[in-house]
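Visitor: Guided by the hints, dock chains B and C onto chain A, whose structure is given.
Those sequence lines, one after another, are chains A, B and C. Using my numbering, the first residue of the first sequence is number 311, and each one after it goes up by one. Using my numbering, the first residue of the second sequence is number 1239, and each one after it goes up by one. Using my numbering, the first residue of the third sequence is number -2, and each one after it goes up by one.
The hints are simulated quantities; they were obtained by calculation from the structure and are not laboratory data. Note that the coordinates shown come from a computational prediction; the quantities given were computed from them, not determined experimentally. Just so you know, even glycine gets a beta-carbon here, dropped at the ideal spot from N, CA and C. Do not rely on the hints blindly, as some may be mistaken.
[Stated by the list, open to error] Cβ pair distances, simulated, as ranges:
no.	chain 1	residue 1	chain 2	residue 2	range
1	C	Tyr32	A	Asn409	31 to 41 Å
2	B	Lys1378	A	Phe327	46 to 56 Å
3	A	Asn409	C	Ile59	44 to 54 Å
4	A	Asn409	B	Ala1371	18 to 28 Å
5	C	Ala65	B	Glu1314	34 to 44 Å
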Amino acid sequence: MFNYKFDWAIITSGQYFDWLVSGVKVTLELSIVSVVLSFLLGLLIAVMRMSNVRPVRWFAHGYLEFFRNTPLLVQIFFWYFGSYKILPTAVNDWLNSTNFEFTAAVIALTIYTSAFIAEDIRSGVRSIPKEQMEAARSAGFSYLRSMQYIILPQAVRITIPPLINQFLNLAKNSSLAMTIGVAEITYQARQVESYTFKGFEAFTAATLVYLILSVAITALVTLYSKKMLNPMGAR
Amino acid sequence: MKRWGIVLLALVFVGGLSAAAWGDTLADVKAKGVLVVGIKDSAPPFGFIDQTTREIIGYDVDFCKAIAKKLGVKLEIKAVTSATRMPQLAAGNIDLIAATMTITAERAKQIDFSYTYFLTGQKFLTKKGTVNALVDLVGKKIGTAKGSTSEQNAAKALPTATILSFDDYPSAFLALQQGKVVAVTTDESMLAGLLGKAPNKEAFEIPDIRISDEPYGLGIRKGDKGLLDAVNATLLEMEKSGEAAKIFGKWFGPKTDTPLQRTFKIMAQ
Amino acid sequence: MQTGLDFSVIWNNMAHFMIGRYPSGPIGGLMLTLYLALIGLVLSFVGGLVLGLLCVSHNRFIRYPTLAVVNVIRGIPLLMVIFWMYFLLPALIGRPTPENWTIIMALTVFTSAYMSQIVQAGIEGIPRGQTEAALSTGLRPFQAMVHVILPQALRNMIPSFVNQFVSMIKDTSLAFIVGVSELTHVATQVNNRTMVYPTEIFIFIAAVYFIICFAFTTLSRWLEQRLAWRRAI
Chain A
311 MFNYKFDWAI ITSGQYFDWL VSGVKVTLEL SIVSVVLSFL LGLLIAVMRM SNVRPVRWFA
371 HGYLEFFRNT PLLVQIFFWY FGSYKILPTA VNDWLNSTNF EFTAAVIALT IYTSAFIAED
431 IRSGVRSIPK EQMEAARSAG FSYLRSMQYI ILPQAVRITI PPLINQFLNL AKNSSLAMTI
491 GVAEITYQAR QVESYTFKGF EAFTAATLVY LILSVAITAL VTLYSKKMLN PMGAR
Chain B
1239 MKRWGIVLLA LVFVGGLSAA AWGDTLADVK AKGVLVVGIK DSAPPFGFID QTTREIIGYD
1299 VDFCKAIAKK LGVKLEIKAV TSATRMPQLA AGNIDLIAAT MTITAERAKQ IDFSYTYFLT
1359 GQKFLTKKGT VNALVDLVGK KIGTAKGSTS EQNAAKALPT ATILSFDDYP SAFLALQQGK
1419 VVAVTTDESM LAGLLGKAPN KEAFEIPDIR ISDEPYGLGI RKGDKGLLDA VNATLLEMEK
1479 SGEAAKIFGK WFGPKTDTPL QRTFKIMAQ
Chain C
-2 MQTGLDFSVI WNNMAHFMIG RYPSGPIGGL MLTLYLALIG LVLSFVGGLV LGLLCVSHNR
58 FIRYPTLAVV NVIRGIPLLM VIFWMYFLLP ALIGRPTPEN WTIIMALTVF TSAYMSQIVQ
118 AGIEGIPRGQ TEAALSTGLR PFQAMVHVIL PQALRNMIPS FVNQFVSMIK DTSLAFIVGV
178 SELTHVATQV NNRTMVYPTE IFIFIAAVYF IICFAFTTLS RWLEQRLAWR RAI
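Extracted from the complex, chain A is given alone in its bound form:
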């Protein structure tokens, strides 16, 4: 019954090792690009969500609810396969000439994560006393400028731990990009499995990669919350 032979050498050197390494690279690229974009988009949506202009606020609200309440996998399929019919031919041709699998994964991850980030930022802003905004406005700042210089910098600082959590989720969620052929680490682990039937070794490698990534990110949050949120070492 126990006739499975471990062969760790297969994934620690040679062709399959190279595959796994290239998978790690793609996972990191995908995650980093999406983290940056989703933060910017999330910030924008959060500001829109708190705008005084009703249609803008409603749009942001609808955006938040829709993208938070549909599975990421469905969104990935939609951007990759479903967007074709509703985009102009020229745009499609251009997208197809690029590495569209990667782009579609970035779009899906960015939009999905930005909805969560916007909510986190909004609760961060809510925790800033109202008087600050009033003071800024009475000092002659416009609404957007008060946001930009007074409210958001503080809110973002408070929001950093939950934000980093979202980035961690994003890195893990990037595994779903394998369904549209993006050769990230989960995809490569599965490739190694189907070429060598050494699933145990391949999945162990991928699991370790994610764990290292998570531990690194979690350590950052811990460090940050210790240093920044509690500079006096109170509590």
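Guide: Just chains B and C, lined up with the frame of chain A:
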């Protein structure tokens, strides 16, 4: 104590990966009265879902029906993909793979194969007039399915091409239709099946570029001799009685969407 | 192919989307999605409660290993958990496991880890004085937890649990990858068969998921407000 617990856990774990964990399948199948087979649900005309009845039908299904009938048991179909069929067999979720599976030496180390019950070759499906020879595909994006021999053959024949692997062939074909890949590559019979079901088939063609031979076999757990013999005997009988040729004609005959020549006979190997 | 959208493909395949291949095959589609999520919810509620209680244990030989397990699970993608279950489960129970249970177990293990954090936060949110008061009346620590702390903590946790259920419904879509024919898998099946309606099909199932998840999200918010109101008086 704890250490032994971990060792034991690891052993149990590993046991699950090995194939021959479940004893004599033929006896089990007869005792249960059900033969559970893994068939693709997205690979016309081998296994696909009929729109009105929502049942899985196709060439692979008809062979399994004949085998179940011969064994005197009911047939139960589970949907599998190229990537899930072997793990499903190893896990004991299915007794037999009938999922357009090419017989290869690598796979034969993990599972046993029946005699070849279908023979085809790997080709490309492209937009009309875009590809005339293998050179036209050098460095291009080519779609196929995860865990298939098609993927591995294509990587060998076109080392500089980007091989995009999807979960099934229709997804790869959809990518071709939308211009995301320039070709879909797999066995000719399956390409014909994809093309046959496409609403806009006149826009595509299968150029005469063949990169490999693909003999299909039914997959059985390693060392499961009883079931293997029963399956092989049934296959030979079906060839002799003409039933095998009849099933071929039903799915690949001149009047079907996917007309092909039957260039093989099922024989003992 | 740039034609208008044609949603007739949805109506023609509605039965397939809702119940899969049933009755000629196993039940699938939306029904299976809900089934997986519901069973997964019940199991991961129990799992989360147990893990959460172990996480607040005063015995560090219980607390640290539990925290380690919880954090490892939270550190890897659900997809990885599913792949592991795929190999591990048949070996552990020594016989074939239906794919539905592979998914249910993966969802349970994954969500329990997150639920345990909610439980932990919930218990820690109850003022310490309560435990002390309960202990001073002669209850043992375990009894104080079960009769005094947990009932209050659980009530406060309800909105978070509902949110986890929403995540669970979304997460069932990953069952597609191991070929369990829930809603997303069925959608790709229909997409594979009809070939030229991906936009319509994915918009439709996104809408179906949205309606269900949004209903529960709204419920969770309403519960939260009600609880806040109750606490205020």
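Visitor: How does the Cβ-Cβ distance of Asn409 of chain A and Ala1371 of chain B compare with 18 to 28 Å: does it lie in that range?
Guide: 26 Å Cβ-Cβ, so the 18 to 28 Å window holds.
Visitor: Does the Cβ pair Lys1378 of chain B, Phe327 of chain A satisfy 46 to 56 Å?
Guide: 27 Å, violated
Visitor: Taking 34 to 44 Å as the hint, is the beta-carbon distance of Ala65 of chain C and Glu1314 of chain B inside that range?
Guide: 42 Å, holds
Visitor: How does the Cβ-Cβ distance of Tyr32 of chain C and Asn409 of chain A compare with 31 to 41 Å: does it lie in that range?
Guide: With a Cβ separation near 38 Å, Tyr32 of chain C and Asn409 of chain A satisfy 31 to 41 Å, so the hint holds.
Visitor: Using the Cβ atoms, figure out if Asn409 of chain A sits within 44 to 54 Å of Ile59 of chain C.
Guide: The hint (44 to 54 Å, Cβ to Cβ) holds, given that Asn409 of chain A and Ile59 of chain C are roughly 49 Å apart.
Consistency with the previously given hints fails for number 2 only.
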